[in-house]
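Visitor: Protein chains in written order, with this note's numbering: chain A, 17 to 325; chain B, 17 to 325.
Bear in mind the hints are in silico, worked out from the structure with no lab data behind them.
C-beta: ideal position from N, C-alpha, C; glycine also.
There could be a bad hint or two in this list.
Derived DSBU-like pairs (lysine-lysine); straight-line CA-CA distance at most 35 Å [stated by the list, open to error]: (1) B:K78 with B:K39; (2) A:K94 with A:K39; (3) A:K198 with B:K207; (4) A:K101 with A:K158; (5) B:K198 with A:K94; (6) A:K292 with A:K101; (7) A:K78 with A:K292; (8) A:K221 with B:K78; (9) B:K207 with A:K36; (10) B:K78 with A:K198.
Okay, the calculated beta carbon distance ranges per label pair [unchecked claim]: (11) B:E291 with A:N274: 28 to 34 Å; (12) A:L243 with B:G79: 45 to 51 Å; (13) B:I208 with A:N274: 38 to 44 Å; (14) A:S315 with B:E305: 25 to 31 Å.
There are 2 protein chains.
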Amino acid sequence: MSLLTVGSVAFDAIETPFGKTDKIIGGAGTYIALSSSYFTSDQKIVSVVGEDFPNETLEDLKGRGVDIEGIQIKEGEKTFFWSGKYHNDMNSRDTLVTELNVLENFDPIIPENYQGVDFLMLGNLAPAVQRQVIERLNERPKLIAMDTMNFWMDIAWDDLMETVAMVDVLIINDEEARQMSKEYSLVKAAKIIMDMGPKYLIIKKGEHGALLFDKEMNVFFAPALPLEEVFDPTGAGDTFAGGFVGYLAKTDDISFENMKRAVIMGSAMASFCVEKFGTERLQNLDGAEIDARVESFVSLAHFQMESVF
Amino acid sequence: MSLLTVGSVAFDAIETPFGKTDKIIGGAGTYIALSSSYFTSDQKIVSVVGEDFPNETLEDLKGRGVDIEGIQIKEGEKTFFWSGKYHNDMNSRDTLVTELNVLENFDPIIPENYQGVDFLMLGNLAPAVQRQVIERLNERPKLIAMDTMNFWMDIAWDDLMETVAMVDVLIINDEEARQMSKEYSLVKAAKIIMDMGPKYLIIKKGEHGALLFDKEMNVFFAPALPLEEVFDPTGAGDTFAGGFVGYLAKTDDISFENMKRAVIMGSAMASFCVEKFGTERLQNLDGAEIDARVESFVSLAHFQMESVF
């Protein structure tokens, strides 16, 4: 099935306890597209970069089967840039620099041949922009998944509520779920958030795994792989989303049972992402490696039990 | 199989955002014994109480098949008392009062008919006292499990190291694992701690579940049940330990595969414990309820996956 990814294609500069990078390739759209490219060869992306963005990176995406016609290249403008520094526990970070640049007035133009796409993944962007994409599609995709962040809850709540009401799956982290619902209990938070519209909610808990809820309050818990070292968490959430929606597009099955598998696949892809700086680890995976990683999740989570009473 | 539990039988006074208790029955030994009593009717306990401790509680334990000959009742002395107040997130608490009383000079006397016990669960106590129990058993039990806490790491490190080297399974929480190993990564922490002696390590992560490691670094992850409300977390860790070791005693199988099931059973029992204040919820369970709860864990964690490549 075809997949349309919308998200930033950008530069990041990252500092972790393990090292520091200059400007490297980043952006939610990049991580999502790289991750989902292992599952579908019919992927399209909508994004925007400046004239400073390396053409080879765009060509690389193209080489992975990603249709890049929807990436606008703005002459005389600069690409979105984010710089951050992780704390020693790797669970929190400070943003050092955010230069919106081309993202400031991003008008998400949908090329004609993108119409009729089956799956839509809205990476973290202004909710008004995410909504524009949905509205510019002539036909509603089979499934719309969306990421967002607390920043939009702070400054664009009404927009966020409008957009959230239009999607099938919302993917956020625990802190965002708590802020969005004003509830500490994630079970209570899930109910409140799904009442805002989405049929499914995924709450990512970083090193503590991820929860998948549906409106009947079925719950699935995917563990995170216990790792010796998290080298760089940047992009792990986007990589998760890419693995999740890529797997759904590949299998063309949006049942709750298959969403469980998709969450495991997202977790597996994210576990690769954090092993190296930036997108490095995502660039050279193969099916056998991914299968082996999924096998680790099976062995991590699997048990069989009969009554002893 | 027979199980010997060693741990405090005590009074607690608890304050949570949901309410406040006067002195109620608590203590690691109490929670462990109550929890494991659902799995083995051949249980013995070693503990100490003051003359202020209600006889009906001891009789209740007896009625659950717990041999209480090893509970010393100290004339003219008072029972161990702990009082604590939970913060709003329920993940942290302040200790308001700790009166050691009878625990101050606890000499764990092993009744003659306790000898030859198959399983030993050492609840959180001074590591020197835990070691004394091991040394006073004529025969080494088939499996020795042990709980401890950061307090002993602070004030009795050498004693702790001696005792830890003698046990098969150490059960601690994530914060304690980090303090004990001086490593933030739980995978690295697990290696370091198992090098101190234990063949198996369980790291409890509260609402984030529990990890089971063996020395070959096989890992199993048991989720915690996502709950709407945690009413009172007191005793959840001890209840976990009781479910874990009780299940092992019932099934008489100490393979890694069966330990996985035991960890799930511990998690299931702990999920009941937090539903009401103190030991209340643990007093009236039945096999069908426990089976249904285990079923929730199966549905929470289970997925089946085949390669898509």
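Visitor: For each hint, tell me whether it holds in the structure or not.
Guide: Evaluation of the provided hints:
At roughly 22 Å between alpha-carbon atoms, B:K78 and B:K39 fall within 35 Å of each other, so this suggested pair holds. Proximity of A:K94 to A:K39 is assessed by CA-CA distance (about 13 Å); at most 35 Å being required, the pair is judged to hold. Our distance criterion of 35 Å between C-alpha atoms is broken by A:K198 and B:K207, whose separation comes to about 39 Å. A distance of roughly 38 Å separates the Cα atoms of A:K101 and A:K158; the hinted pair therefore is violated under the 35 Å criterion.
Straight-line distance between C-alpha atoms of B:K198 and A:K94 comes to about 44 Å, which puts the hinted pair past the 35 Å bound. Note on A:K292 and A:K101: the hinted pairing holds, with a Cα-Cα distance of about 15 Å set against a maximum of 35 Å. Between the alpha carbons of A:K78 and A:K292 the distance comes to roughly 23 Å, so the proposed pair stays at or under 35 Å and holds. Under the criterion of a C-alpha separation no larger than 35 Å, the hint pairing A:K221 with B:K78 is inconsistent with the structure, at around 43 Å.
This hinted pair checks out: B:K207 and A:K36 have alpha carbons roughly 28 Å apart, not beyond 35 Å. Between B:K78 and A:K198 the CA atoms are separated by roughly 46 Å; this puts the pair beyond 35 Å, and the hint is violated. Range check, B:E291 to A:N274: about 32 Å between beta-carbon atoms, so the 28 to 34 Å window is met. For A:L243 and B:G79, the Cβ-Cβ distance of about 47 Å falls inside the hinted range of 45 to 51 Å, so the restraint holds.
For the hinted restraint 38 to 44 Å between B:I208 and A:N274, the CB-CB distance of approximately 40 Å keeps it satisfied. For the pair A:S315 and B:E305, the beta carbons lie near 30 Å from each other, so the given range of 25 to 31 Å is met.
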